[in-house]
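Novice: Read off the chains here:
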Amino acid sequence: MTKEELLSKLKIIITPYVQNQEELDTLTEETDFIKDLEINSANLVDVVLDVEDEFDIEIDNDAMEKMLTVKASIEVIESKLAEK
Amino acid sequence: MIRNDIIKELPYSKPFLFVDEILDIDDDYIKGNYTFRNDEYFYEGHFKDNPVTPGVILTECMAQIGMACFGIFLLKDQWSQKTMGVAMSSSEINFYKPVFPGEKVTVVAEKVYFRFNKLKCNVAMYNATEILVAKGVVAGVAFKK
Chain A
309 MTKEELLSKL
319 KIIITPYVQN
329 QEELDTLTEE
339 TDFIKDLEIN
349 SANLVDVVLD
359 VEDEFDIEID
369 NDAMEKMLTV
379 KASIEVIESK
389 LAEK
Chain B
21 MIRNDIIKEL
31 PYSKPFLFVD
41 EILDIDDDYI
51 KGNYTFRNDE
61 YFYEGHFKDN
71 PVTPGVILTE
81 CMAQIGMACF
91 GIFLLKDQWS
101 QKTMGVAMSS
111 SEINFYKPVF
121 PGEKVTVVAE
131 KVYFRFNKLK
141 CNVAMYNATE
151 ILVAKGVVAG
161 VAFKK
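Chains A and B, in that order, are what the protein sequence lines are.
The first sequence begins at 309 in my numbering and counts up by one.
The second sequence begins at 21 in my numbering and counts up by one.
If you're looking for bench data, these hints aren't it; they were derived computationally from the structure.
Check before you lean on any hint, since a few could be wrong.
Pairwise CB distance ranges, derived in the manner of DEER restraints [what the hints assert, rightly or not]:
1. B:G65 / A:E373: 41 to 51 Å
2. A:I365 / B:D59: 17 to 27 Å
3. B:F163 / A:S316: 28 to 38 Å
Interface residues of chain B toward chain A, partial, derived using beta-carbon atoms under 10 Å [what the hints assert, rightly or not]:
4. S110
5. N114
6. K131
7. Y133
8. R135
9. F136
10. K140
11. A144
Where is the CB? At the ideal position from N, CA and C, for every residue including glycine.
Make the full structure from the sequences, and use the hints.
Specialist: Here it is, written out as structure tokens:
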């Protein structure tokens with residue numbers, strides 16, 4: 309899976325939980341889920357669970373705590389995919 | 021099984037505690053009840069001369085049993101009233117029957133998931149004649165204060 313494919317899948321996952329539509333339209337690797345997209349912490353759990361289902365990976369507490377930006381999430385997903 | 025040990029751990033008190041008994045509990049399911057007293061504070065205004073339990077209070081009762089009690093049980097040793105708090109993060113409830121002063125309701129909740137200190141449950145409330153009063157989905161989080 310290319311990074312572009314991964315990013316587009318991630319964007320689909322986060323879309324229902326995003327409060328700031330403008331930031332979503334201009335999504336970059338540096339975009340922060342809470343500060344920029346205004347996803348609340350409870351919905352961040354849903355993002356992680358949806359990521360698990362979409363990519364068929366398991367995300368532990370340590371990985372979950374890292375997944376606060378697009379870039380960090382892609383890194384976590386890539387490393388979990390590599391472990392498979 | 022009344023489980024006062026769990027009820028004692030709840031961060032609520034009168035007039036906003038809506039749990040009397042925990043009747044059954046395991047890792048996937050909880051069942052509890054509450055009897056609305058005739059003199060609950062909200063009956064004075066909801067409605068004028070026509071007391072009916074507000075839907076938000078029924079939701080709160082379902083959340084206190086199906087989320088707070090259940091969550092405290094699932095968190096086990098991790099839970100501490102001093103250092104942790106709870107918050108409802110979402111609710112979607114449909115209401116089917118009114119609940120009047122003095123009525124006893126039973127709440128059942130089934131776990132959808134409990135991950136990263138977030139608990140999501142399917143909840144339902146029944147009256148004393150086992151008729152469905154309300155049903156839906158609630159979710160909440162436990163967090164360090």
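Novice: Take the hints in turn and mark each one as holding or not.
Specialist: Hints and how they fare:
{"no.": "1", "hint": "B:G65 / A:E373: 41 to 51 Å", "result": "44 Å, holds"}
{"no.": "2", "hint": "A:I365 / B:D59: 17 to 27 Å", "result": "54 Å, violated"}
{"no.": "3", "hint": "B:F163 / A:S316: 28 to 38 Å", "result": "32 Å, holds"}
{"no.": "4", "hint": "S110", "result": "7 Å, holds"}
{"no.": "5", "hint": "N114", "result": "21 Å, violated"}
{"no.": "6", "hint": "K131", "result": "13 Å, violated"}
{"no.": "7", "hint": "Y133", "result": "7 Å, holds"}
{"no.": "8", "hint": "R135", "result": "6 Å, holds"}
{"no.": "9", "hint": "F136", "result": "5 Å, holds"}
{"no.": "10", "hint": "K140", "result": "9 Å, holds"}
{"no.": "11", "hint": "A144", "result": "22 Å, violated"}
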